[in-house]
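**Q** Listed here are the chains, written in short residue letters.
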Amino acid sequence: MKTIVEAKQIKKVYGAKGNVFSALEDIDLTVMEGEFVGIMGPSGAGKSTLLNILATIDEPTAGDIVVDGINLTKMNEEQLSAFRRDKLGFLFQDYNLLDTLTVKENIILPLALAKLNVEELERRADEVADKFGIRDILNKYPYQISGGQKQRTAASRAIISKPNLILADEPTGALDSKSATDLLESLKDLNEQDKATILMVTHDAYAASYCNRVLFIKDGKIFTELVKGKRSRKEFFNKVLDVLSALGGGANDVI
Amino acid sequence: MTLFSLARKNIKGNFNNYFVYFVTLVFSMVIYYTFTSLQYSEKIQESIELSDTMSFMFGVSSIILILFVAIFILYSNSFFTRKRKKEVGLYAILGLRKKTIAKMLFYENLIMGIIAIVIGIILGTLLSKLFAMILIKLMGSIAEVDFGISILAITQTVIVFMVIILFTSVQGYRLIYRFTLIELFYDEKKGEQIPKVSLITAVIGVIFLVVSYWLILKPFPDEFTTEYLIKNYGIAFVALVIGTHLFFRSVTVYLLRLSQKNKSRYYRGTRIIETSRLLFRIRGNARTFTVIALLSAATICFLGATYSGYYSNEKRAKEVVPFSYSHLSKGPEFDSQVESIIKADHRHPIKAQLDIPVIQVKGILSFQLDYDINPVKLISESTFNKVANALNKDETVSLSGNQAAVIQPRFTEYTKSVFKGENITIQLHQGSNELPFVHMVESNVLPFDYPDFFLVVSNEMFAEIAKKEAPLTYKVYEVENEVTAQATSKKVNKLVGNDFQVSSSFYTEYKQGKEGNAITLFIFGFLGLVFLAATGSIIYFKQLTEANEAKGHYEILRKIGVNKKDIRKSIKRQSLFVFGLPLTIGILHSCVALYFTSNFISNLIGINLIFPILMAIVFFVIIYAVYYVLTVNTYNRIVNK
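Chains F and W, in that order, give the protein sequences. Note that full-length UniProt numbering has the first sequence beginning at 1, numbered continuously upward. Note that full-length UniProt numbering has the second sequence beginning at 1, numbered continuously upward.
Possibly wrong hints are sitting among the right ones.
[To be verified] Okay, the calculated bits of chain F under chain W, using three or more residues with CB under 8 Å as the criterion:
#: 1; region: 74-83
#: 2; region: 96-104
#: 3; region: 117-123
Bear in mind the hints are in silico, worked out from the structure with no lab data behind them. Even glycine gets a Cβ: it sits at the ideal position worked out from N, Cα and C.
Extracted from the complex, chain F is given alone in its bound form (with noise of 0.2 Å):
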């Protein structure tokens, strides 16, 4: 099986002299092709660093990260971009969608900036929006659509230009229930069936459940790692508690 991430001594330090906060330190992080990571952790932990850093969005003061073979620190701003459009998909707590886009003009964007041919293109997102069952609202905009919706179309955005990585930051986090299972469900097949590698920060020990492995990150280091292994989803999940309570005022933060 491929390496997919591979980051090593990961140190991330905010502030300047005198009054420095080092929000991550020596972080090493492997994740194969086809595994469904979670990473949980209290608030403050450097959960949201460490996926920012991951998705090239932020930079870390020490470290080296390859993803897909590729190091991510030797690469210039351009080089970034690109790498960003071609090998990475992104969830977000907030959806991130553009409001002056339909759905559908959304989900093809990534295509559309690396300037795929049309007739591909809309393949691919009649494709992305069957599975993830939002062919009636293609044509909407997202003030218009739900959060759940919302967060599918993100969802589907991230896929559509089949990346090496999908990084999700609580996807979940902004959803009711009934939704968040909905698209956990959809991350859960396209992690399956599409082997699909995911890496997904989460507060949500529900959805972390949904993972194949879990790290747990107290300040800036990591704590410890689960792994699901052939337990069910239920005792997985009850498994990812006992951690959190272990780690303290985690508990406190699932929502």
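Let chain F serve as the given structure and place chain W on it in line with the hints.
**A** Quick look at chain W alone, frame taken from chain F:
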């Protein structure tokens, strides 16, 4: 007092937010003060001996300026308060009483206004000196520019602006009462909706534009009455305003929608983002676009028309008064007196000196001409050719027998074909002569005097008629560098008196025209600059507000993988549309209007005005382009840091 200090702290704390509004205030005041102080300056009034239309022109322009400045301030004030609704809502939620908030907003606006007045007057004093120098340079006077501080101008500026500021302050006071708390809070959340395409309004818009263009370009009717002027051009103007608005509201939406249909173009690169953004913003921008297009059109027209006048003054003067000096011979003593004055001016040596014998007769045309021709003035072929030679014109005539050539009467548009095949019967004391027209020439001989109907006849014919009707002799002089012959012209004018309707010396006619044109050019140039600065600023500030709102939008794009270079390109393209569209429409409008005015003007003086009009447009576009670059850079800095 605590309230007063809260208001003061508010301004100090959020100076950036207030800055834009404050600059607008100061800008308006500087302009208004500069203008009024020029108006009241004695120096300016003095240096114009010949044009008495000045104070009238200044008065009218001052009213236009007040209106403009008031609208501009009210516009930016409402723009400013709209941005602050949330802040006001927050004060209310934190438990400040409505009355307290209202008072605070009132004081705030008042303080800013008063500071702006002080700064405006200081800057205005400096600027008015500069503008006065420009005006005097344009007029070509060598007057001293010495500017004191004009109390009258200060008083007038303070009064006008206090009224406007009090009005906006009261508006601020009423803000909290006009809206409910919820409205204050959710104002910015009102999502703009994608506009629906309405083919009908688009078509109506185009029809309105076509109709107004047609009305403007329609050739003049035979009878040119005020009623016609008001009816025809009034309707044209209204149609133009409505048409322009509908154009931006519907036609652009329609065109953008159409461009979305072409999927392989639309779904390629960042075009999808720009098109959809423009489409979304168009409803909100339509009114601004309309105002800007119309203001640009008006500015270009002002500049074009007045610059044309200034530009063509020398040619016009040369046509009205062909020679440097002309006078009717009144005996050898008088003539030599004039001659010695002209000869005494060594800085303007005589290039040519001619005697022009003219016979005045009564004539009857063989056809109907709506021009009073009597008395007809006859000159001989050789005189005409000598004149043409002296004035460096290559127009000559050669006639034989009783053939005659007509000189095109000035300020008319008669063509050769009007006279072709026709003749004139001139009545002499004994009998009459029928002279067929064989030619029409355009070189004028003497200063304009109505009726301006000259006939050139063959030398033999002239000699024959001269036996029966004694000719008058005009003495004309052409000197070097006639445009500067001020002192001599004055002396000659004094001596000669009113031989003609216009001045008998070229310089006086030239100077008079130049001063008149300089003032109009200055006033309209000034107004043009104000409009230009205002339109540019409106787009600039509007784009910046939009940039602040669009920050999130571009952040998403960055995350999806659009690089900085592409975002910059996308901003450029978007701004080009926002700046270019109203400008294009404005230029189109002004071209139509200027085509009309230049037809009007060049018919009168026979000068091609393409060059000055083009200059005005180029000047406008250059300043506009500066605003464009400024906008792109700032926009980019905001969303693409």
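**Q** So, for every hint listed, does it hold in this structure?
**A** A quick look at each hint next to the structure:
no.	hint	verdict
1	74-83	holds (count 6)
2	96-104	holds (count 6)
3	117-123	holds (count 4)
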